[in-house]
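J.: Protein chains in written order, with the numbering used here: chain H, 1 to 123; chain F, 124 to 519.
Treat the hints with caution; some may be incorrect.
[Stated by the list, open to error] In silico DSS-like cross-links for lysine-lysine, where the CA-CA straight-line distance does not exceed 27 Å:
#, chain 1, residue 1, chain 2, residue 2
1, H, K27, H, K86
2, F, K184, F, K291
3, H, K8, F, K497
4, H, K86, H, K14
5, F, K228, F, K212
6, H, K14, F, K497
[Unchecked claim] Coverage of chain H stretches by chain F, computed from C-beta distances (three or more under 8 Å per stretch; other residues unrestricted):
#, region
7, 5-12
8, 70-83
9, 88-95
10, 104-112
[What the hints assert, rightly or not] For each label pair, taking beta carbons as the anchor points, the in silico distance ranges come out as:
#, chain 1, residue 1, chain 2, residue 2, range
11, H, K120, F, G465, 38 to 44 Å
12, F, K309, H, Q70, 53 to 59 Å
13, F, T361, H, R5, 42 to 48 Å
14, H, M1, F, D393, 51 to 57 Å
Hints are computed from structural coordinates only; laboratory data are not their basis.
Think of the CB as a built atom: it goes at the ideal place given N, C-alpha and C, for glycine as much as any other residue.
Chain by chain, the residues run as shown.
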Amino acid sequence: MYNERVMKEFAEPKNVGFIENADGVGKVGNASCGDIMEISLKIDNDIITDAKFRTFGCAAAIASSSVATQMVIGKTLDEALNIKNKDVVETLQGLPPQKIHCSVLAEEAIKKAVEDYRDKKNN
Amino acid sequence: MNRIYFDHSATTPTSEEVVKEMLPFFTDIYGNGSSQHSHGREAGKYIDIARRQVADAIGAKPGEIYFTSGGTESDNWAIRGVLSGYKAKGKHIITTCIEHPAMIKTLESLQKNGLAEVTFLGVDSEGFICLEELKNAIRPDTILISVMTANNEIGTIQDIKEIGAIAKANNIIFHTDAVQAIGNVKIDVKEMNIDLLSMSAHKFYGPKGIGVLYRRNGIKLSSYMTGGEQERNMRAGTLNTPAIVGMGKAIEIATRDIDKNNKYVSELRDYFVAQVESKIDNVYYNGTKSNKRLASNANFSFEFIEGESLLLRLDLAGISVSSGSACSSGSLEPSYVLLATGRAIELAHGSLRFSFGKNNTKQEIDYCVQNLVKIVQDLRELSPLFLIKKGENKYV
């Protein structure tokens with residue numbers, strides 16, 4: 001069902017965990033749907049210097065979160081906000097149709113983490 | 124180590140003894156069993172033998188055995204055949220909400236098109252139906268009660284004899300999907316008052332693509348496939364002689380060895396369950412711990428983990444298991460069987476079925492448990508739910 005690229009990412013995900021004193025955290029999904037994705041960011045001067053994730057979900061959800069964290073590190077906040085779910089799918093060289101929603105969760109988790117940072121900064 | 128196969132409820136390897144029995148029927152005894160000449164009669168003779176082997180295994184008469192393509196066809200035929208055979212009496216059917224999709228999807232579709240009215244009985248936390256609830260569901264226009272002998276996900280074995288007695292007392296046809304049960308549960312159709320029974324050879328070390336519908340003599344059933352006159356005009360299509368011969372041999376062996384295999388496999392299963400429960404925290408055993416469970420079946424929910432990732436990590440470690448039923452994998456739905464037993468939706472997402480077979484060994488179980496412990500730990504470290512539970516997440 002999954003291609004080799006997805007399986008590789010699933011078998012050896014990068015950036016697993018939670019950043020202590022994170023500057024922004026985004027958590028999306030819920031357990032009853034079978035997916036919860038949480039991305040935490042370290043942000044310095046509007047640049048994402050570190051990202052970690054924790055995911056309860058299927059192989060596609062884990063692979064998508066792993067890829068998303070790798071994509072945002074080194075990016076500015078605006079660049080991170082521009083990451084679309086299809087970019088995650090492209091990096092993974094494709095996901096099965098019924099698993100596309102996992103890449104959408106990854107996009108949403110990034111957005112939510114950035115928003116969380118901006119909310120905290122503005123208050 | 125070779126790959127480990129713990130998914131015998133999905134399918135079993137065809138035993139070598141069975142394959143050996145089948146081989147001559149591809150190249151030597153290749154006649155069409157329905158032909159009148161010697162080639163055909165020769166093949167027909169072996170089909171008769173297989174029919175008797177199947178009949179003997181369940182206490183039926185050979186004339187009550189109809190070969191089909193498998194469990195799904197047998198289930199479809201039983202439902203549709205009874206609906207059309209007993210049209211004058213009504214169209215109400217009583218079944219359970221934990222039947223195989225071959226039953227549930229068929230009944231739902233018939234109900235949607237106004238061709239049947241279906242009552243789906245619920246189950247208790249161990250997967251058993253309530254016999255009082257069954258009795259209360261009976262109506263004057265009830266034409267069929269269909270309850271699976273053993274469940275494919277959690278292995279619960281229903282009280283088929285008692286259900287058969289209830290059906291008989293109320294003059295209602297009783298069908299059971301015994302696809303998971305044959306070879307694992309002793310069945311006597313007369314003693315258990317079974318009118319229709321579905322089975323599939325590949326679940327008991329026979330070939331794929333061949334099954335049987337048992338029909339008690341006298342039960343009105345419309346034909347399913349139309350065409351030639353095979354199977355007493357009830358199921359058209361050239362008989363698959365090699366598969367039929369293989370099925371006959373497989374059911375003969377399964378019946379002969381049932382006690383030996385059940386003892387061996389249940390010991391493996393019990394050892395596995397004890398290991399998992401002692402070495403992994405926050406696991407929930409799904410189904411019953413009583414002996415009214417398939418000897419081969421163990422089903423666990425691992426809290427904080429989603430079943431598919433666990434299945435695929437085990438696969439990477441060389442172990443084949445199943446999450447929910449094989450037919451629902453790839454869908455995003457949690458197990459409807461576990462939801463019916465009252466399991467929380469999160470736990471229904473995180474279930475794994477291990478189904479053991481006669482060729483498995485204790486060493487394989489040890490290897491599996493060792494890997495399972497590590498994989499569960501790894502995936503929990505990945506899971507935000509796990510840390511919430513441990514109270515380490517500051518953002519809850």
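J.: Provide an ascending list of the numbers of those earlier hints which the structure does not satisfy.
T.: 8, 9, 10 and 14
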